[in-house]
Amino acid sequence: MATPGKATKFAIVGGGLAGLAAAMKLAEAGHAVDLFSVVPVKRSHSVCAQGGINGAVNTKGEGDSPFKHFDDTVYGGDFLANQPPVKAMCEMAPSIIYLFDRMGVPFSRTSEGLLDFRRFGGTLHHRTAFAGASTGQQLLYALDEQVRRYEASGKVRKFEHWEMMSLILDDAQVCRGIVAMDKSYQQGARYANGEFIQVHPTSIPGEDKLRLMSESARGEGGRVWVPKAKNDKRAPSSIPESERWYFLEEKYPAYGNLVPRDIATREIFQVCLDGFGVYGENQVYLDVSHIDAATLDRKLGAILEIYEMFVGDDPRHVPMRIFPGVHYSMGGLWVDFDQRTNIPGLLAAGECDYSIHGANRLGANSLVSCVYGGFVAAPAAIEYAKNVERNGADGSRVYDAELKRQTELNEHLKKQSGKENQYVIHEEMGKWMTDNVTVVRYNDRLKSTDEKLLELMDRFSRISINDSNMWATHALPHARQLWNMLQLARVITLGALNRDESRGAHYKPDFPNRDDERFMKTTIAEFSEEGPIFSWEQVDVSLIEPRKRDYSKGKQAAKTAGAAGGAAENSPTKDGAAQVPASGWDQKPRDLSGATVWDQNKEQVRDVNHGEAETRREQGKSITDAGGKSDEV
Amino acid sequence: MSTHTNGNAKTNRMPPTHVEIRVRRRERRDAAPYWEEFRIPYRPNLNIISALMEIRKNPVTKDGRATTPPVWDMNCLEQVCGICTMVINGKVRQSCSALVDQLEQPITLEPMSKFPNVRDLVVDRSEMFEHLKRVKAWIEIDGTHDLGAGPRMTQDEVAERYTYSRCMTCGCCLEACPQYGDGNYIGPQAIAQVRLMNMHPSGKMTRDERLEGIMGDDGITACGNAQNCVRVCPMSIPLTKAIYEENRETLVHGLFGWLKR
Ligand SMILES: Cc1cc2nc3c(=O)[nH]c(=O)nc-3n(C[C@H](O)[C@H](O)[C@H](O)COP(=O)(O)OP(=O)(O)OC[C@H]3O[C@@H](n4cnc5c(N)ncnc54)[C@H](O)[C@@H]3O)c2cc1C
Ligand code: SF4
Ligand code: SF4
Ligand code: FES
Numbered sequence: 354m355a356t357p358g359k360a361t362k363f364a365i366v367g368g369g370l371a372g373l374a375a376a377m378k379l380a381e382a383g384h385a386v387d388l389f390s391v392v393p394v395k396r397s398h399s400v401c402a403q404g405g406i407n408g409a410v411n412t413k414g415e416g417d418s419p420f421k422h423f424d425d426t427v428y429g430g431d432f433l434a435n436q437p438p439v440k441a442m443c444e445m446a447p448s449i450i451y452l453f454d455r456m457g458v459p460f461s462r463t464s465e466g467l468l469d470f471r472r473f474g475g476t477l478h479h480r481t482a483f484a485g486a487s488t489g490q491q492l493l494y495a496l497d498e499q500v501r502r503y504e505a506s507g508k509v510r511k512f513e514h515w516e517m518m519s520l521i522l523d524d525a526q527v528c529r530g531i532v533a534m535d536k537s538y539q540q541g542a543r544y545a546n547g548e549f550i551q552v553h554p555t556s557i558p559g560e561d562k563l564r565l566m567s568e569s570a571r572g573e574g575g576r577v578w579v580p581k582a583k584n585d586k587r588a589p590s591s592i593p594e595s596e597r598w599y600f601l602e603e604k605y606p607a608y609g610n611l612v613p614r615d616i617a618t619r620e621i622f623q624v625c626l627d628g629f630g631v632y633g634e635n636q637v638y639l640d641v642s643h644i645d646a647a648t649l650d651r652k653l654g655a656i657l658e659i660y661e662m663f664v665g666d667d668p669r670h671v672p673m674r675i676f677p678g679v680h681y682s683m684g685g686l687w688v689d690f691d692q693r694t695n696i697p698g699l700l701a702a703g704e705c706d707y708s709i710h711g712a713n714r715l716g717a718n719s720l721v722s723c724v725y726g727g728f729v730a731a732p733a734a735i736e737y738a739k740n741v742e743r744n745g746a747d748g749s750r751v752y753d754a755e756l757k758r759q760t761e762l763n764e765h766l767k768k769q770s771g772k773e774n775q776y777v778i779h780e781e782m783g784k785w786m787t788d789n790v791t792v793v794r795y796n797d798r799l800k801s802t803d804e805k806l807l808e809l810m811d812r813f814s815r816i817s818i819n820d821s822n823m824w825a826t827h828a829l830p831h832a833r834q835l836w837n838m839l840q841l842a843r844v845i846t847l848g849a850l851n852r853d854e855s856r857g858a859h860y861k862p863d864f865p866n867r868d869d870e871r872f873m874k875t876t877i878a879e880f881s882e883e884g885p886i887f888s889w890e891q892v893d894v895s896l897i898e899p900r901k902r903d904y905s906k907g908k909q910a911a912k913t914a915g916a917a918g919g920a921a922e923n924s925p926t927k928d929g930a931a932q933v934p935a936s937g938w939d940q941k942p943r944d945l946s947g948a949t950v951w952d953q954n955k956e957q958v959r960d961v962n963h964g965e966a967e968t969r970r971e972q973g974k975s976i977t978d979a980g981g982k983s984d985e986v
Numbered sequence: 061m062s063t064h065t066n067g068n069a070k071t072n073r074m075p076p077t078h079v080e081i082r083v084r085r086r087e088r089r090d091a092a093p094y095w096e097e098f099r100i101p102y103r104p105n106l107n108i109i110s111a112l113m114e115i116r117k118n119p120v121t122k123d124g125r126a127t128t129p130p131v132w133d134m135n136c137l138e139q140v141c142g143i144c145t146m147v148i149n150g151k152v153r154q155s156c157s158a159l160v161d162q163l164e165q166p167i168t169l170e171p172m173s174k175f176p177n178v179r180d181l182v183v184d185r186s187e188m189f190e191h192l193k194r195v196k197a198w199i200e201i202d203g204t205h206d207l208g209a210g211p212r213m214t215q216d217e218v219a220e221r222y223t224y225s226r227c228m229t230c231g232c233c234l235e236a237c238p239q240y241g242d243g244n245y246i247g248p249q250a251i252a253q254v255r256l257m258n259m260h261p262s263g264k265m266t267r268d269e270r271l272e273g274i275m276g277d278d279g280i281t282a283c284g285n286a287q288n289c290v291r292v293c294p295m296s297i298p299l300t301k302a303i304y305e306e307n308r309e310t311l312v313h314g315l316f317g318w319l320k321r
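If you read the sequences in order, they're chains A and B.
Here the first sequence is numbered in my numbering, starting from 354 and rising by one per residue.
Here the second sequence is numbered in my numbering, starting from 61 and rising by one per residue.
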């Protein structure tokens, strides 16, 4: 299905915030987009995000600026992120929020009818725009609506319930997708900083899933505490103020309950380890019951309801009981500053790339990084398509070969028979990883975890799929995902083993300090049949000089590493006094349109992907035949 | 604004030792449906999804016959993506937020009946997204380039729009609506989205196009005002209010629309 005109056709895998952001940009620039997603895009995981989206709009007169956002982000990430893309993201952030505002997101308002902002972890400013406590849902829907508009006009075609099984290399495509990412890794894409896993300090323990209690609960004044007496049996309401231990506020007077997540998580862990957990169990109180119910409903309604729904207590009156839970991967596909992976034509953006958050992500920085990534990837993909050499007849050979390889893989799995159950292997992997490769890491336990993973991989060869009916089955895709997860689990475990220091979310008691000399480096893993091959890349710290992270005090001033404009940027904010924008710091948000790139290109772009749609459809069909779920398209 | 778990009846019995679950299954679209019964060990705080996961780990029916693992959809697991909707003990709701402790046993699980049944508990709800296209449920922005902040709004206006914008396209309202089915009525979900867009200062500018999307025979006038929709909506969306408001708008548009041409 060749597209009329000179437009190029792009394939996007994934319809979360990042994928939809890229799709919207590409379609707006006049190109055709095929959008592939396992779930209908409106049901993507971005829908879960609650708290908000960061951007230094400074509506509260606190002297906030994109530079401070930038500094908070690299400081919070413990100086592991390459700085130029972080700077670019923070500059773009205010205009991203405004764009969502124009697209109709019901952001909460101030009395003047302006956007309201709340506080989040790792900053002293009100920088987080929010739509009640379901910001991710609202942002995703806004993009979904805009993409539907292009779908109605024929620019975008959606292939929902389609799962990307592999990349067809040698082909221009924008890519996105968490599952896709581990697959890409096995096809030669470099994977960066896998060992950095965010454990969210406040989650609600649950059978099927640890549900999150958003940081916005603390942003709106929620307080974390435990009874001062160990094993205190009293109900929380009958424990007087003086017998409560607000340990975060005590240890971190400047940031209090809003220290970055890695720190809050370790403190909560330690408090429970020392026997102060509520009722002697692994749980602490997160208390919002002192805030009046109307404010709670307006600002936090959606998340308090989730707690009530799954736990049964009403957090408006009873303190919530929470414990840290695995949440986010800072690591991901290695990309350059234009979101390009090392595989030509494959771009990545969103939670599946590694670029912004360094060793620890700040709350509410993910939504903005996903949209930013999508917005940068789109023009970069156009640029790539413009320059790529069409591989002509050779093309179909590449497709056929990959299709054959995938079909064989599926056939092999289907034929496999043995006593092992894939869901059991999955559970064991999860348990080992959670026990040994999350908050606190010891080298001997990392080593035994890797041995366990090798054992699970061996057992994987003896699973049987159990579902003879291949129509709309979940069993085969799950098996393939599990295999990818096992590969990635090794990348994470071995990456952690190699890194003998403590930085951000990666904490080794035997190596308690950050070691910039040896480890201010990006870990890069490359796939090989024998196991991951590691190398290390210097971090670009050309803009802000690395300094020690210390949240017990207000943040020390940033020293710009470059020559320009040091002094003004460094001056600390004086209690809400408006800050003079730093000289040499470009306050103007980066233009979102990328129009220059597109206008130039439109005339010249050749239909480099002619015939691609058919081939992809072929591939998709084979997915259906092989058992992937597919609605007829 | 609030979400609620509909139909969770608190029961204060002794915890059972097992959970019995009957699943209405179907191999493929045109195949005949059949029931299968499962029995899993009881654990406190099970939701329907964890129960199904337990069955999947060991797909054997109550009477010991090996079978294929039942297929269902899930994603967010916190009642916000809408994908896991099914009919549980006769009530349409999300399976992730349906707690076993609050359900009568044996628990029956059926796919939604108003949408094509793909397999087992999975249905194809693409028609809901098609309806969103038809009513142009989006704001016609001039472009994604930086044009500064959007229009100012009061918190009250925002709060009202927020209630509508929480719709997760789950289809509960359509399943419960006596008028919906066989393409004869666009349904409350799409009408609520018209309301959402028409309330927005920029959305108002293209209001008429949306109204035309709900004005045909299968449009808003097909509503019989049975109010079932609003009772089952897990996001507590004021659907009947949306229908009332949009009905008024379409009437005015029908009466005076021609004057504007
Ligand atoms: C409970 C929770 C709360 C959060 N709160 C916040 C917050 O307040 N602020 C914040 O900034 N961040 C928050 N986050 C993080 C943030 O939501 C995510 O990082 C972000 O939404 C990820 O967006 P994405 O586009 O990268 O991926 P997703 O939204 O996960 O989308 C992935 C897409 O890829 C598709 N896909 C995946 N694999 C394949 C494949 N193989 N083939 C085809 N398609 C595929 C999926 O169908 C989906 O469409 C939160 C996260 C959670 C879980
Ligand atoms: S009020 Fe209208 S839309 Fe709602 S259930 Fe009744 S007929 Fe259906
Ligand atoms: S209006 Fe309510 S019931 Fe209907 S689709 Fe939306 S969320 Fe579901
Ligand atoms: S899994 Fe998303 S609503 Fe149940």
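Hints may contain errors.
[What the hints assert, rightly or not] Label pairs and their computed distance ranges (CB to CB):
| id | chain 1 | residue 1 | chain 2 | residue 2 | range |
| --- | --- | --- | --- | --- | --- |
| 1 | B | N118 | A | H670 | 50 to 58 Å |
| 2 | A | G633 | B | Y102 | 20 to 28 Å |
| 3 | A | S814 | B | D90 | 33 to 41 Å |
| 4 | A | T648 | B | N118 | 55 to 63 Å |
| 5 | A | H670 | B | E164 | 25 to 33 Å |
[To be verified] Lysine-lysine pairs mimicking PhoX-like chemistry, simulated, CA-CA at most 25 Å apart:
| id | chain 1 | residue 1 | chain 2 | residue 2 |
| --- | --- | --- | --- | --- |
| 6 | B | K117 | A | K772 |
| 7 | B | K193 | B | K264 |
| 8 | A | K861 | A | K874 |
| 9 | A | K784 | B | K122 |
| 10 | B | K117 | A | K805 |
| 11 | A | K768 | A | K757 |
| 12 | B | K122 | A | K772 |
| 13 | B | K193 | A | K767 |
| 14 | B | K193 | A | K562 |
| 15 | B | K174 | B | K301 |
| 16 | A | K861 | A | K784 |
| 17 | A | K604 | A | K901 |
| 18 | A | K604 | A | K805 |
| 19 | A | K768 | A | K784 |
| 20 | A | K562 | B | K117 |
| 21 | B | K193 | B | K301 |
| 22 | B | K264 | B | K301 |
| 23 | A | K768 | B | K117 |
| 24 | A | K767 | A | K757 |
| 25 | A | K413 | A | K906 |
| 26 | B | K151 | B | K193 |
| 27 | B | K174 | B | K193 |
[To be verified] In silico contact screen, one side only, chain A against chain B (beta carbon under 8 Å); selected entries:
| id | residue |
| --- | --- |
| 28 | K395 |
| 29 | M456 |
| 30 | E898 |
| 31 | K901 |
No lab work stands behind these hints: they were computed from the structure.
We treat Cβ as the ideally placed atom computed from N, Cα and C, and that holds for glycine.
### Query
Under the criterion of a CB-CB separation shorter than 8 Å, is A:K395 in contact with chain B as hinted?
Holds: closest Cβ of chain B sits about 6 Å from A:K395, inside 8 Å.
### Hinted pair A:K413 and A:K906, Cα distance within 25 Å
holds, 22 Å
### A:T648 versus B:N118 beta-carbon gap, inside 55 to 63 Å or not
Cβ of A:T648 to Cβ of B:N118: about 48 Å, so the range 55 to 63 Å is violated.
### Message
Please check whether A:H670 and B:E164 have a Cβ separation lying inside 25 to 33 Å.
### Response
holds, 29 Å
### Task
Would you check the hint for B:K174 and B:K193, treating anything up to 25 Å between C-alpha atoms as holding?
It holds: about 20 Å lies between the C-alpha atoms, which stays within 25 Å.
### Query
Are A:K901 and chain B close enough, Cβ to Cβ, to be under 8 Å, as the hint says?
Violated. Min distance 37 Å.
### Hinted contact A:M456 with chain B - closest CB pair below 8 Å
holds, 6 Å
### Task
Decide if the proposed pair is consistent with the structure: A:K562 and B:K117, CA atoms, cutoff 25 Å inclusive.
It holds: about 16 Å lies between the C-alpha atoms, which stays within 25 Å.
### Query
Within a Cα-Cα threshold of 25 Å, do A:K784 and B:K122 meet the stated pairing?
Violated, at about 29 Å.
### Task
Would you check the hint for B:K117 and A:K772, treating anything up to 25 Å between C-alpha atoms as holding?
Since the Cα atoms of B:K117 and A:K772 sit roughly 12 Å apart, the hinted pair holds (cutoff 25 Å).
### Query
When you check the alpha-carbon spacing of B:K193 and B:K264, does it fall within 25 Å?
Holds - the C-alpha atoms of B:K264 and B:K193 are around 17 Å apart, at most 25 Å.
### Message
Hint check: A:K768 vs B:K117, CA-CA at most 25 Å. Holds or violated?
### Response
holds, 19 Å
Comparing the model with each numbered hint stated earlier shows that hints 1, 4, 9, 13, 14, 18, 19, 26, 30, 31 do not hold.
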